[in-house]
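> Each chain is listed here by its residues.
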Amino acid sequence: MDLFEYQGKQYFARYDIPVSPGGPADTVDEAVKEANQAGYPVVVKAQVQVGGRGKAGGIKLADNEAEVREHAAAILGMDIKGHVVKRVWVEAASDIDEEYYASFTLDRAAKKHLLMLSAEGGVEIEAVAESNPEAIVKLHIDPVDGLDLATARQACVDAKLPERALDGAADILVKLYRCFTVGDCDLAEINPLILKPTGEVHALDAKVTLDDSADFRHPEWEAFSATEELDAREKMAKEKGLQYIGLDGTVGIIANGAGLAMSTLDVVNQVGGAAANFLDIGGGANADVMAGALEVINFDENVRSILINIFGGITRGDEVANGIVEALSRVDMRAPIVIRLDGTNATEGRQILVEAGIPEDELRSEPTMLEAARAAVSIANEN
Amino acid sequence: MAIFVNENTKVLVQGLTGGQGKYHGLRNRDYGTNIVGGVTPGKGGQDVDGIPVFDSVAEAVAVTGADASFVAVPPKFASGAIVEAAEAGIGFVVSITEGIPAQDEAKAYNTLVRSFPGTRLLGPNCPGIISPGKCNIGITAGEIAELPTPGGPNVGIVSRSGTLTYQALYELKQKGIGVSTCVGIGGDPVPGTSFIDCLEQFQADPETHAIMMIGEIGGSAEEEAAEFITRNVTKPMAAYIAGVTAPAGKKMGHAGAIVSGGKGTAQGKMDALAAAGVGIGLNPTEAGELMAAIVAGL
Chain S
1 MDLFEYQGKQ
11 YFARYDIPVS
21 PGGPADTVDE
31 AVKEANQAGY
41 PVVVKAQVQV
51 GGRGKAGGIK
61 LADNEAEVRE
71 HAAAILGMDI
81 KGHVVKRVWV
91 EAASDIDEEY
101 YASFTLDRAA
111 KKHLLMLSAE
121 GGVEIEAVAE
131 SNPEAIVKLH
141 IDPVDGLDLA
151 TARQACVDAK
161 LPERALDGAA
171 DILVKLYRCF
181 TVGDCDLAEI
191 NPLILKPTGE
201 VHALDAKVTL
211 DDSADFRHPE
221 WEAFSATEEL
231 DAREKMAKEK
241 GLQYIGLDGT
251 VGIIANGAGL
261 AMSTLDVVNQ
271 VGGAAANFLD
281 IGGGANADVM
291 AGALEVINFD
301 ENVRSILINI
311 FGGITRGDEV
321 ANGIVEALSR
331 VDMRAPIVIR
341 LDGTNATEGR
351 QILVEAGIPE
361 DELRSEPTML
371 EAARAAVSIA
381 NEN
Chain L
1 MAIFVNENTK
11 VLVQGLTGGQ
21 GKYHGLRNRD
31 YGTNIVGGVT
41 PGKGGQDVDG
51 IPVFDSVAEA
61 VAVTGADASF
71 VAVPPKFASG
81 AIVEAAEAGI
91 GFVVSITEGI
101 PAQDEAKAYN
111 TLVRSFPGTR
121 LLGPNCPGII
131 SPGKCNIGIT
141 AGEIAELPTP
151 GGPNVGIVSR
161 SGTLTYQALY
171 ELKQKGIGVS
181 TCVGIGGDPV
191 PGTSFIDCLE
201 QFQADPETHA
211 IMMIGEIGGS
221 AEEEAAEFIT
231 RNVTKPMAAY
241 IAGVTAPAGK
251 KMGHAGAIVS
261 GGKGTAQGKM
271 DALAAAGVGI
281 GLNPTEAGEL
291 MAAIVAGL
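Those protein sequences? They're chains S and L, same order as listed.
Per our numbering, the first sequence starts with residue 1, numbered consecutively.
Per our numbering, the second sequence starts with residue 1, numbered consecutively.
These are calculated hints, taken from the structure and not from any lab test.
Careful: at least some of the hints might be erroneous.
[Said to hold, decoys possible] Derived pair list, reagent style DSS-like, types lysine-lysine, alpha-carbon separation capped at 27 Å:
no.: 1; chain 1: L; residue 1: Lys250; chain 2: S; residue 2: Lys81
no.: 2; chain 1: S; residue 1: Lys175; chain 2: L; residue 2: Lys76
no.: 3; chain 1: S; residue 1: Lys240; chain 2: L; residue 2: Lys250
no.: 4; chain 1: L; residue 1: Lys263; chain 2: S; residue 2: Lys111
no.: 5; chain 1: L; residue 1: Lys76; chain 2: S; residue 2: Lys55
no.: 6; chain 1: S; residue 1: Lys112; chain 2: L; residue 2: Lys250
no.: 7; chain 1: S; residue 1: Lys60; chain 2: S; residue 2: Lys81
no.: 8; chain 1: S; residue 1: Lys111; chain 2: S; residue 2: Lys207
Could you put the whole structure together from the sequences, leaning on the hints where they help?
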């Protein structure tokens, strides 16, 4: 789950990483209240999960209440690259001497944690990597050892941070690493990490991706999932516990297993169609899950045909067939279904579908993945 | 021969008394796998359909002489169970659990590398391993795997995806092509066993004559494999990579299946493998057909 900047800062604060005093606001009046509390001047920042907020006019400095009103009114409701701003973050403005970059991620190739640190912050790190790769210090950390203060300080020295920033920056790195590990992040990034004229080091932005697999030990994440940016289809799928990603095509996809689902998207594309979604019903899915999946697909107005691709391992073909029959009895499907059913109990499953007496123009079986994809795409392109 | 597991492998099931552990553990035994015991803390002394249950892996190893373990426990406890198996001297640990927190997984992996170099971890989040006719550890339906043809030619399969592994087994069975071993390395970001580990073994295995590889978007494991193939693999190969049309920045079901910052795309992986001389199928069926053509020419 990707956090908004303000949530990232709230999360950082839990791990004692210094951030500017401020608060989120959904209305102009709330923004004024937060600004008065933080103390002027303040920065009003659009909360959207997309880069280039500043250039789009989504970040403004305000010296007084009137300016906060003006900027908050302009930014709330603004469309930034397709993301509508519903909330702003208002925080005390900081004096900046220098801007750095710091992040922790997992390096999959090295199978270790990776610190990236640079004295060139405030710009996209990819751009720095391109133009001046030596400016980025990369340090692998064995998860068994963790990161201590001395190692963090050496990394700051290696990154050529000035002497007066070393202690503050090293302290933040250790805290950020703790946030990354104990806080179960896939990514914990500060860009820019700033040095103030007073010598304090401080997180001016926050980019945090949480590892959804760890949510069982983080009850505090509930507040974050409430604001997660999902479209209506994705919300419905999440409520039903389905692995769903909304796409723009017209062929609704249901498959069991992530690999097979991805592969189904690819095959639909190869035969001239486009998938409306990715949906993995997982291993061992039963009739209820299948019925729920069909309801989610049916909710999508763009869907012109539905392709169900099942290879039974743990998932049983008879269960899948029962789910389809049940779903068809309780939902009026907007599009015809093409199914390819193979593997465990596939014969029983096909038999159930035949016996249900569903008309051919509502449901048909195809023997292979490729033929099923062709049939589904041809229906989608006709309608 | 087969790689990693064979008819002599003695297997424990950690979590044998749980729903998943019992179902798949008994299925594996029915297939002919030598399941010698189960482990569930607090349930030592009980049995599951005649299989003795122990409180700890160490105890189970002492009594049964087990050398492999099938970890079928929930995500919360999985990394602890993996390390416990390694501590007890188990040489081959299979973890099917999906949804282990990435931090736990990275720590468990590095703990094994540093303190228990004699233990190989397969998975997590994998379907397991099957040496047809000899040993099946995990959730693969054994009947879809074709037995190896005496004298060959036989194919070794290595895959990041569960259902696509079944698909591959199925394609080969339709064509009557024997399988030496089929290894699912799993879809998580830090798999214990890599493509390269499997390719190295298949290259050395006299019973394996050709290799089929199934990858997907995310990370650089396929690119690293391509480099290894160029230098070390002489057996013919066919491959399929899932996720050509996957949008960037989205985890496609598997925790490790994500294109980020333009890296880890299917096209990049296909190009790297093709450059290494691997035949690339654009869908699983095409890869199966390529494999059939390779085998026909052996």
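> Against each hint, give a clear statement of whether it holds in the structure.
Okay, the hints, checked on the actual structure:
no.	hint	verdict
1	L:Lys250 / S:Lys81	holds (18 Å)
2	S:Lys175 / L:Lys76	holds (25 Å)
3	S:Lys240 / L:Lys250	holds (19 Å)
4	L:Lys263 / S:Lys111	holds (17 Å)
5	L:Lys76 / S:Lys55	violated (43 Å)
6	S:Lys112 / L:Lys250	holds (22 Å)
7	S:Lys60 / S:Lys81	holds (18 Å)
8	S:Lys111 / S:Lys207	holds (22 Å)
Hint check: a violation occurs at hint 5 only; the rest are consistent with the structure.
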